[in-house]
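Peer 1: Spelled out from the first residue to the last, the chains are:
There are 2 protein chains.
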Amino acid sequence: MIIPVKWSDEGVLMLDQRLLPMEEKWLTLKSFNEVADGIRNMVVRGAPAIGVAAAYGIALGAKNFVGTNVDDLKEELDYICGVMGKTRPTAVNLFWAIDRMKRTFQKAKAEGKSISEIKQILIKDAKDIHDEDIESQRLIAQFGGELIENDSTILTHCNAGALATGGVWGTALGVVRGAVNQGKKVSVIADETRPYLQGARLTAWELLQDDIPVTLITDNMSGHIMKQGKVHAVVVGSDRIAANGDVANKIGTYMVAVLAQKHGIPFYVAAPLSTVDMNCATGEEIPIEERNIREITHVQDIQLAPEGISVSNYAFDVTPNELVTAIITEKGVARAPYTDSLKKMFEE
Amino acid sequence: MIIPVKWSDEGVLMLDQRLLPMEEKWLTLKSFNEVADGIRNMVVRGAPAIGVAAAYGIALGAKNFVGTNVDDLKEELDYICGVMGKTRPTAVNLFWAIDRMKRTFQKAKAEGKSISEIKQILIKDAKDIHDEDIESQRLIAQFGGELIENDSTILTHCNAGALATGGVWGTALGVVRGAVNQGKKVSVIADETRPYLQGARLTAWELLQDDIPVTLITDNMSGHIMKQGKVHAVVVGSDRIAANGDVANKIGTYMVAVLAQKHGIPFYVAAPLSTVDMNCATGEEIPIEERNIREITHVQDIQLAPEGISVSNYAFDVTPNELVTAIITEKGVARAPYTDSLKKMFEE
Chain A
0 MIIPVKWSDE GVLMLDQRLL PMEEKWLTLK SFNEVADGIR NMVVRGAPAI
50 GVAAAYGIAL GAKNFVGTNV DDLKEELDYI CGVMGKTRPT AVNLFWAIDR
100 MKRTFQKAKA EGKSISEIKQ ILIKDAKDIH DEDIESQRLI AQFGGELIEN
150 DSTILTHCNA GALATGGVWG TALGVVRGAV NQGKKVSVIA DETRPYLQGA
200 RLTAWELLQD DIPVTLITDN MSGHIMKQGK VHAVVVGSDR IAANGDVANK
250 IGTYMVAVLA QKHGIPFYVA APLSTVDMNC ATGEEIPIEE RNIREITHVQ
300 DIQLAPEGIS VSNYAFDVTP NELVTAIITE KGVARAPYTD SLKKMFEE
Chain B
0 MIIPVKWSDE GVLMLDQRLL PMEEKWLTLK SFNEVADGIR NMVVRGAPAI
50 GVAAAYGIAL GAKNFVGTNV DDLKEELDYI CGVMGKTRPT AVNLFWAIDR
100 MKRTFQKAKA EGKSISEIKQ ILIKDAKDIH DEDIESQRLI AQFGGELIEN
150 DSTILTHCNA GALATGGVWG TALGVVRGAV NQGKKVSVIA DETRPYLQGA
200 RLTAWELLQD DIPVTLITDN MSGHIMKQGK VHAVVVGSDR IAANGDVANK
250 IGTYMVAVLA QKHGIPFYVA APLSTVDMNC ATGEEIPIEE RNIREITHVQ
300 DIQLAPEGIS VSNYAFDVTP NELVTAIITE KGVARAPYTD SLKKMFEE
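Protein sequence lines correspond, in order, to chains A and B. Last residue of the first sequence: number 347 in numbering that gives the first Met the number 0, and the count goes up by one each step with no gaps. Last residue of the second sequence: number 347 in numbering that gives the first Met the number 0, and the count goes up by one each step with no gaps.
Quick caveat, the hints were computed from the structure, so don't treat them as lab data. Source: prediction; values computed, not measured. Just so you know, not all the hints are guaranteed correct.
If several chains are the same, the list does not tell them apart, and a pair holds so long as it fits within one copy or across any two.
For lysine-lysine, the following BS3-like pairs were computed, each having C-alpha atoms within a straight-line distance of at most 27 Å [stated by the list, open to error]:
id	residue 1	residue 2
1	Lys106	Lys183
2	Lys342	Lys62
3	Lys106	Lys62
4	Lys261	Lys226
5	Lys123	Lys183
6	Lys229	Lys62
7	Lys229	Lys261
Modelling step: build the complete structure from the supplied sequences, incorporating the hints.
Peer 2: Structure representation (structure tokens):
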């Protein structure tokens with residue numbers, strides 16, 4: 000059972016995903032700044048996991064607060080949340096978790112709780128966010144699993160597994176695990192997902208651990224394999240879903256979605272409602288993170304491209320809603336028109 | 000001026016493309032077996048370059064023949080051609096060059112030439128193949144350049160440059176160079192082209208040498224960039240073109256072609272007629288090479304994927320003719336229906 004981020008009395012524990020699959024090393028992060036660095040530097044990644052990690056980071060920052068004045072704590076928390084909010088711009092779960100922790104603080108403050116009570120309340124809320132995330136993935140696994148037919152091969156891009164969430168299930172890999180739990184025979188094709196290789200390093204590792212058959216391919220191979228009729232469904236996660244169902248996800252998702260449509264293959268997005276940003280009307284409004292070009296020009300210390308080359312490194316792209324067959328959430332399966340179906344899920 | 004393979008009195012000289020862009024090292028290959036290994040192990044790659052290298056390898060094998068009987072030389076050449084023909088199955092220029100060298104031998108034998116005369120005839124024919132290849136690229140550059148508008152950004156996949164051909168121009172990069180020579184302002188977006196990174200290592204290097212602006216991206220980024228309106232034309236090479244215009248090229252080309260069509264971007268294929276296989280009615284008949292999975296699981300000695308993972312490594316895919324805007328050859332620009340237009344080019 001994979002849980003990539005945990006609370007402990009020593010600090011926030013993070014499985015260092017940069018070292019997987021070769022090494023399983025846990026880091027103990029003792030300040031909110033270390034947690035923010037862990038998110039920024041992709042020790043932990045995946046939108047739901049980032050949300051959980053940010054909540055723990057804020058709780059840790061509050062716990063480490065040495066003042067005696069609640070207003071000073073508020074100022075400190077505002078600062079902490081500001082630092083957290085600058086780590087990864089696309090994953091909306093980050094901002095969702097920050098907002099929730101802020102509201103929890105405001106409520107506790109309004110109720111006249113003491114500083115030590117507020118610290119405990121924030122720690123408990125971060126743990127609740129974590130537990131609720133795992134429960135959401137369990138439900139996503141169940142609803143999503145029902146969409147998968149027996150004897151299916153599922154293509155997935157990047158890692159939307161237990162490692163990308165609070166743990167245990169995952170979103171896209173939650174759907175795979177859900178189908179397997181429902182007794183279906185399922186195998187997975189994993190895109191390696193350049194430049195960070197989340198597919199090769201993380202998805203492959205997770206599925207090997209669960210004995211779910213997995214075949215690794217390069218990102219540029221999925222079209223060829225779809226053309227051969229070897230893919231029955233595509234399932235991916237998301238970093239932010241707009242109110243109209245446009246889906247921001249790892250760079251390359253858009254190409255997979257276009258190819259899936261061309262070949263009549265259903266394209267499913269699995270994500271908790273904390274990934275849906277009702278304040279973003281369309282995908283046009285979702286900020287797309289650009290990362291350091293060294294991720295592309297080097298693998299560790301090996302240089303792959305000539306000195307001085309110009310490089311673009313967009314971390315995400317947006318798949319328009321018309322390419323999305325369904326969005327699988329913890330409240331059930333949303334279908335087009337998403338402006339209505341997603342709205343309904345929040346109202347339930 | 001880049002010429003990746005050369006004839007010398009010492010043997011066949013090959014620029015070791017596996018070491019580019021970090022090191023420019025020339026190998027001197029002293030037997031046909033070393034040349035065959037050089038092709039198989041991708042010291043040289045790219046269909047036209049493979050054709051030239053194979054011709055030189057056969058000439059070298061003949062030169063090294065120590066017998067005195069022309070029938071024995073024929074037997075030796077049959078053996079050499081058998082070895083050459085097993086190096087890379089998809090590149091049809093390989094078989095085209097083998098057939099041409101065989102015919103040249105048969106003609107010389109029929110004319111009663113001596114063994115030492117035959118050796119000289121074969122060396123000369125290999126050099127002619129090389130010269131003709133460079134001349135073909137020059138014409139492709141001219142015809143292709145005319146299709147490119149001023150102020151264009153051209154996306155290319157893999158390396159179809161001077162390095163992939165007899166040299167100087169290249170096929171897809173020939174079109175870029177042709178447009179530049181015609182006074183047009185052109186910039187290039189180069190897919191890195193996993194797993195072998197011909198785009199990152201070779202295309203980027205070639206264009207930097209020529210001071211043509213080039214931006215490197217990962218393969219999974221081209222769709223996002225097309226969606227942003229930043230690509231005005233796609234130009235790629237080919238390893239084999241069927242009589243109906245279906246195009247086998249580096250894995251990932253098919254996905255680029257599908258995305259180009261979706262965005263209304265012209266998709267051009269640049270290749271000499273030696274790449275067109277009139278014996279293949281459609282792309283279905285083109286054999287697709289599968290290569291060692293270590294190309295995907297490792298970069299040099301760095302392991303990227305977990306031990307024991309199952310991997311597919313298709314080296315090529317087939318882009319159906321309906322996605323191809325035009326095929327640029329040394330005889331001019333062929334358009335659909337290709338069954339007619341390609342046939343006409345061979346008849347001219």
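Peer 1: All the hints need checking, so say for each whether the structure fits it.
Peer 2: Against the structure, the hints:
With identical chains, the CA atoms of lysine 106 and lysine 183 are never at most 27 Å apart, being 46 Å at best within one copy and 64 Å at best between copies. Proximity of lysine 342 to lysine 62 under the C-alpha cut-off of 27 Å is found in neither arrangement, the shortest distances being 36 Å within a copy and 77 Å between copies. Within a single copy, lysine 106 and lysine 62 get their C-alpha atoms as close as 17 Å, which meets the 27 Å cut-off; across copies the closest is 89 Å, which misses it. In the homo-oligomer, the alpha carbons of lysine 261 and lysine 226 lie at most 27 Å apart both inside one protomer (9 Å) and across protomers (17 Å), since each shortest distance falls under that limit.
Taking the shortest alpha-carbon separations for lysine 123 and lysine 183, neither the intra-copy value of 37 Å nor the inter-copy value of 64 Å comes in at or below 27 Å. In this assembly of identical chains, the alpha carbons of lysine 229 and lysine 62 never lie at most 27 Å apart, being 52 Å within a copy and 48 Å across copies at closest. In this assembly of identical chains, lysine 229 and lysine 261 lie within 27 Å of each other by CA distance both inside one copy and across copies; the values are 14 Å within and 23 Å between.
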